[in-house]
Every structure is written in C-alpha cells, then in structure tokens.
Amino acid sequence: ADIDALPIEEESGVDYASTNPGVMHACGHDAHASMAFAVAAHLHQSRDSFGGTVRLIFQPAEEDEPSGGKRVVEEGLLDDIDAAICVHVDPYTPTGKIAVGSGPYTLACDTFDVAVIGSAAHAAKPHEGVDALAVACSLVSELQKIVSRETDPYDPLVISVTAINGGNAYNVTAGRVTLKGTIRSGSDATRERAWHRVRTIAEGMATSHGARVEVDIHKGEPGVVNDVEMTELIAASAKACIGADNVLNTPGWTIADDFGYYSEKRPSVYFRLGIRNEEIGSVFPLHHARFRVDEAALKVGATTLVAAATAFLSTGAP
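Counting with this note's numbering, you get residues 88 to 405 for the letters of the sequence shown.
Take these hints with a grain of salt, some might be off.
No farther apart than 30 Å at their CA atoms in a straight line, the calculated lysine-lysine pairs in the DSSO-like style are these [unchecked claim]:
id, residue 1, residue 2
1, LYS212, LYS267
2, LYS306, LYS352
3, LYS157, LYS352
4, LYS232, LYS352
5, LYS232, LYS267
6, LYS267, LYS386
7, LYS157, LYS306
8, LYS212, LYS157
9, LYS386, LYS326
Beta-carbon label-pair distances, calculated as ranges [as the list claims (entries may be wrong)]:
id, residue 1, residue 2, range
10, HIS374, ALA210, 32 to 38 Å
11, SER136, HIS374, 36 to 42 Å
12, ASP303, ASN258, 30 to 36 Å
13, ASP91, LYS352, 30 to 36 Å
Please keep in mind that the hints were generated in silico from the structure rather than gathered at the bench. Note that the structure is predicted; figures quoted are calculated from it, not measured. By construction, the Cβ of each residue, glycine as well, lies at the ideal position given by its N, Cα and C atoms.
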C-alpha cells in the first residue's frame, strides 16, 4: 500500500479531507492503506486457517523520486517473497467492480528537465536578445509531435510538459527558462527513442533560435507487467467475492506506478478497484482537487485481497 500524498489543495468536501494545507490524498493512497489494515485484521483473526506468511508493505514515495518501490527491492523486502499483489483505486470503473488483465499494465515513467538559455533584452527591443521564453514555448509544442506524428498510436507513449518557469519582469524578456515533464512509454524501444527525440528536438530548437539548451533525463520506474497466473488468481478470487459479472478483463492504463519494480522481481499482479459513483460525486480523476473515494468500494478491495492471499497460500507456497 502506497502511503504518500500530493501537493494539491483539497476541494473534495469530504469529512475526512486533509487538514494539512496544500497536501491531499488525491490518488487514493489513504484508501490503499485502509484496505491493507483491513486485510491485516482479517488475516490475523483467521491465522489458523492458512499456512505461510502474508507481508503487508506500507510504502512511501510512490509519487516522487527516489522511488519507494525501488527502495523496497533494494532493501531486500521481496527477497523471501513468492509473489506480490497491488490494488489501485480507479475512478473510471464503477464501484462494485474490479478491472484486471495480464501482460503490460502500466507505463514506464521518466522525468526530464530542460533549461533554455538565451539572453535578456528590453521588452521594447526583443531583437537585441534571445527570448528564452519564446524558444521554450515553441519547444513545448514541438515535443508533442513525437507522439502525434512519430509514434504508432498502438505503441503507448505520453509526453507531458508539466511546468515552465522563466522571467520576472514586465519589461525584460526572459534570458533563462526551465521546463519539466514526464515521458511515459510502453516498451523499451519506444522509451529510448523518446529520450533521444526529446534531447534532439530541444537542442535543434535552441540552435535554430540562437539559444543554448541543457537537457537532463532521469530514468524512473518500469512499467508493471501482470503475471498470467497471478492475474487468473485475482480474477478467480474476485469472482468468488463479487460475482463474475463484476470482474472486468481490461487493458492497462497510461499511469505509472513503482509497483513495476516489484513485478520485475517477482510474479505480480496489479488490479484496479472501481470507485466511480455519480450519486456521491466520486467521479473526478486521479490527482484532481475534488477527487474522492467511494468508501463502499473498500470492502470489495479488501475481500478480494484476502481471498487471493489465502488462495495463493493454499497451493502450498511457503
């Protein structure tokens, strides 16, 4: 269960809203932790009914670097584990249902920082300098062509510029502008190509305007790959708990999750727990200031996790 929050001012209006200004559980990590506690309580009460061990990991830093998932692996918390299961709330799937599928299920995610260096000038005479802000704005648009004009639409790739900063006066053009963003990809080949193209386009754009550029690309978490047998285990466990009609076989989504480090190490499955409920306003996307979880869904997630864990242990795994 990931436990970190996001730098967002909460506007959900729920009675359990964050009391920390500018900090919010806008990705459901509080719900994930709650389900993990429920699983722990249930398994403790029924400890004599199964063999083996279930390890519940409350992991920090899913949303940021250095990754908590990478740290879990590096510190050996998976060394004596046979398999791993992760659940994530899903505001696009109705409450009472889960969604899962085998194979690649989330995208790898890398971050990039770009500094455009021009030369400041009087705003009345921009031709006497190199406007770094104009170059940066052109670069933001040009980077989108990597996805829209260079990438097969069936080969997942999402490039998002998420921040741009530069200039601090009305009458002076910006001499330096920085921007940052993410590269999300579904294959190693596309990942490496995107890195190369971001760097090449940034350098070419700067050169064509007489500016300089500094590009730093930081490799992040790998994509989650769902093991076939573990996917079947979750699907069967959920069907037993909530009925076959409520278990959806769906492709992955374009978010990233550092559970990818777990799935590189052990047979794993990542499934999505439906929380969409229009009657209570649980309709907003992840990372939205009005995001909220339909608490009725938590029982579905917890019972599915308990059923899957006990079913796995009943096969004789240590």
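Do the hints match the structure? See the list:
Of the supplied pair hints, the one linking LYS212 and LYS267 holds, its CA atoms being roughly 28 Å apart against a limit of 30 Å. Restraint check: the Cα-Cα separation between LYS306 and LYS352 comes to about 18 Å, which is no more than 30 Å; the hinted pair holds. Annotation: proposed proximity of LYS157 to LYS352 holds, straight-line Cα distance about 10 Å (limit 30 Å). With a C-alpha separation of about 35 Å, the suggested pair LYS232 and LYS352 falls outside the 30 Å cut-off, and the hint is violated.
With a CA separation close to 17 Å, the supplied pair LYS232 and LYS267 stays within the 30 Å bound. With a CA separation close to 39 Å, the supplied pair LYS267 and LYS386 exceeds the 30 Å bound. As the CA atoms of LYS157 and LYS306 are separated by approximately 12 Å, the hinted pair is consistent with the 30 Å bound. Among the hinted pairs, LYS212 with LYS157 is inconsistent with the structure: their alpha-carbon atoms are about 50 Å apart, more than 30 Å.
For the proposed pair LYS386 and LYS326, the alpha carbon gap of about 14 Å is at most 30 Å, so the pair holds. For HIS374 paired with ALA210, a C-beta distance near 35 Å keeps the hint of 32 to 38 Å intact. As the Cβ distance of SER136 to HIS374 is approximately 39 Å, the hint placing it in 36 to 42 Å holds. With their beta carbons about 31 Å apart, ASP303 and ASN258 fall inside the hinted range of 30 to 36 Å.
Our hint of 30 to 36 Å for ASP91 and LYS352 is violated, since their Cβ atoms are close to 21 Å apart.
The structure fails to meet hints 4, 6, 8, 13 from the earlier list, while all remaining hints are met.
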